[in-house]
Amino acid sequence: MSDLPASDLITPDAGEAAILGLASVSILKAAPLTRLSFRAREASLKKAGTAFGVALPVKPLTSTTTAKRAALWMGPDEWTLLAPEEDLQAVAVGIEGKLDGEPHALVDVSDRSDAVIVTGERAAWLLNTGIFVDFSLESFPVGTVTRTLFHKSPVMIWRIGPEAFVVEAWGSFMDYVAGLLVQCAQELEAV
Amino acid sequence: MLLIYCPYCQIERAEIEFRCGGEAHIARPSDPEKATDDDWVEFLYMRSNTKGIAAERWRHIHGCGRFFNAVRDTVSDEFLKVYKTGEAKPDLEAIAREAGK
Ligand SMILES: [Zn+2]
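Sequences listed follow chains A and B, in order. The first sequence stops at residue 191 when you use the UniProt record's numbering, and every number in between is there. The second sequence stops at residue 101 when you use the UniProt record's numbering, and every number in between is there.
The shape of chain A in the complex, shown without the other chains:
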């Protein structure tokens, strides 16, 4: 997956077996990440982006990335910032240092959610078994990120390639999400 954005950031967890491995779609557990929830006003965005290493996106449902940083639009004043696990301290201190005195919130939520990487030609089909979102490339191009519902669980969907998605859910919900994905994928084997 080296040609995908944030390729050094979103990587399969080497110590984990694949959750699903069909020819048309696979699910891999993603390696741990630094996740920061950032909320601020418009005036602080530029400084925060400079400190973080990539400008924060202002267009709804988009993301900006470098190899080791990703800024995901969550709401008009809310972003999720992703970085390698070991960079937590550096990123947090860097942003706090630039925004001294400006109203903002920067919260470490690294352990709140787990992520799986869903790839393959039937990846969008599989997600659509539980999500009411149009995943065609025209309306959900690469880089699009959104919170939505997968069956009854809140999830975050981030498209990192034409046939690759990151699916994040709260830690205690991930068994439900991954379990249902695997169950729905059985339909692909049946044909």
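Heads up, a few of these hints could be off.
[As the list claims (entries may be wrong)] Output of the computed footprint for chain B on chain A, the stretches with three or more beta carbons under 8 Å from beta carbons of chain B:
1. 67-79
2. 101-115
[As the list claims (entries may be wrong)] Calculated lysine-lysine pairs in the DSBU-like style (CA-CA distance at most 30 Å, straight line):
3. A/K59 / B/K84
4. B/K51 / B/K89
5. A/K47 / A/K68
6. B/K89 / A/K152
7. B/K89 / B/K34
8. A/K59 / B/K89
By construction, these hints were calculated from the structure, which means they are not laboratory data. Idealized CB from N, CA, C, for every residue including glycine.
Fit chain B with the ligand to the given chain A structure using the hints.
Using the frame of chain A, we list chain B with the ligand on its own:
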């Protein structure tokens, strides 16, 4: 499935991503110290419960998380207008006329 437009995400999404937050444009008493019990009753409990065109607060709770306002026909469930929090209450009668209600 009913689709609702979120003015912050600028996209239509399924109804299950949203929650209705009740009647819109209900202002909290600006000087709480001077508000009487009747003022509080009015603010907290009294709602117009419109049958027809009504302005409501909605929240894109499973999306961007933001509250916004929407004009909805409570009989047909049709959304006639959405607008951001803080924007003025639109002319409901004009919207009703335009929609032929
Ligand atoms: Zn929204």
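Tested hints:
1. 67-79: Holds, because 4 residues of the segment 67-79 of chain A bring their Cβ atoms closer than 8 Å to Cβ atoms of chain B.
2. 101-115: With 0 residues in contact (Cβ-Cβ under 8 Å with chain B), the coverage given for the segment 101-115 of chain A is violated.
3. A/K59 / B/K84: With a Cα-Cα distance of about 16 Å, the restraint between A/K59 and B/K84 holds, given a limit of 30 Å.
4. B/K51 / B/K89: holds (18 Å)
5. A/K47 / A/K68: holds (19 Å)
6. B/K89 / A/K152: violated (34 Å)
7. B/K89 / B/K34: holds (26 Å)
8. A/K59 / B/K89: holds (26 Å)
In terms of the numbered hints stated before, the structure departs from hints 2 and 6, listed from lowest to highest.
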